[in-house]
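For reference, each letter of the sequence shown is one residue, going 1 to 136 in the working numbering.
Calculated from the structure, these hints are not laboratory results.
Even glycine gets a Cβ: it sits at the ideal position worked out from N, Cα and C.
Mixed in with the good hints there might be a few duds.
[To be verified] Computed list of lysine-lysine pairs in DSSO-like fashion (alpha-carbon distance at most 27 Å, straight line):
#1 Lys73 <-> Lys40
#2 Lys83 <-> Lys9
#3 Lys86 <-> Lys17
#4 Lys26 <-> Lys40
#5 Lys60 <-> Lys42
#6 Lys86 <-> Lys42
[What the hints assert, rightly or not] Restraint ranges, calculated between C-beta atoms of paired labels, are given here:
#7 Thr119 <-> Ala49: 56 to 64 Å
#8 Ser6 <-> Lys42: 50 to 58 Å
#9 Gly72 <-> Thr47: 15 to 23 Å
#10 Gln68 <-> Asn19: 32 to 40 Å
#11 Phe67 <-> Tyr88: 28 to 36 Å
#12 Glu89 <-> Leu7: 19 to 27 Å
#13 Lys26 <-> Gly56: 45 to 53 Å
#14 Gln44 <-> Ile79: 21 to 29 Å
#15 Ser6 <-> Gln44: 32 to 40 Å
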Amino acid sequence: MGLKDSLTKSITTINVKTNNFMEQSKYKTYISTLEDEIQKLKLQAGTIAYDRWKRGEDAKAELEGIFQAISGKYDEIRIQEEKIQKLYEEEQQILGTAPSGSVTPESAGNAVFCSQCGTRNAENYRFCIKCGSPLQ
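Modelling step: build the complete structure from the supplied sequences, incorporating the hints.
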């Protein structure tokens, strides 16, 4: 591999890692916000449950909505964690560090061929997995 190819691959690696870091940070910030909201809802539920218990009242109907909101936020956290995992896997594929048994460009459906080296790449790749050239 020549100096130009090595430099191109290094720049591609930096670009991919930087982009993924930014995306992952966005998802993690959202997860943190959801976790804070869950804690507030739990505190609210506890306060309502205690107040109703203290007065001898049933709080089931009022708490049901809060519990559903908490459950929905946990579901959203799982979705965000899956997005983070997908970004990580895509990064490994683009940089050619994917573990064996993972999705390859050939098994990913639609493909884009590199104009520099002719390597087949998944359509969502921005850079060639072989030479690091930008894909169109």
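Tested hints:
1. Lys73 <-> Lys40: Within the cut-off at roughly 12 Å; holds.
2. Lys83 <-> Lys9: Holds. Lys83 to Lys9 sits at ~25 Å (cutoff 27 Å).
3. Lys86 <-> Lys17: Holds, because 14 Å separates the two Cα atoms, which is no more than 27 Å.
4. Lys26 <-> Lys40: 21 Å, holds
5. Lys60 <-> Lys42: 14 Å, holds
6. Lys86 <-> Lys42: Outside the cut-off at roughly 30 Å; violated.
7. Thr119 <-> Ala49: 56 to 64 Å: For Ala49 against Thr119, whose Cβ atoms are near 60 Å apart, the range 56 to 64 Å holds.
8. Ser6 <-> Lys42: 50 to 58 Å: 53 Å, holds
9. Gly72 <-> Thr47: 15 to 23 Å: 20 Å, holds
10. Gln68 <-> Asn19: 32 to 40 Å: Once the Cβ atoms are compared, 36 Å apart, the range 32 to 40 Å for Asn19 and Gln68 holds.
11. Phe67 <-> Tyr88: 28 to 36 Å: With Cβ atoms ~32 Å apart, the hint holds.
12. Glu89 <-> Leu7: 19 to 27 Å: Given about 26 Å between the Cβ atoms, the range holds.
13. Lys26 <-> Gly56: 45 to 53 Å: 47 Å, holds
14. Gln44 <-> Ile79: 21 to 29 Å: For Gln44 and Ile79 the Cβ distance comes to about 23 Å; the hint holds.
15. Ser6 <-> Gln44: 32 to 40 Å: Given about 57 Å between the Cβ atoms, the range is violated.
Against the hints set out earlier in the document, violations occur for numbers 6 and 15.
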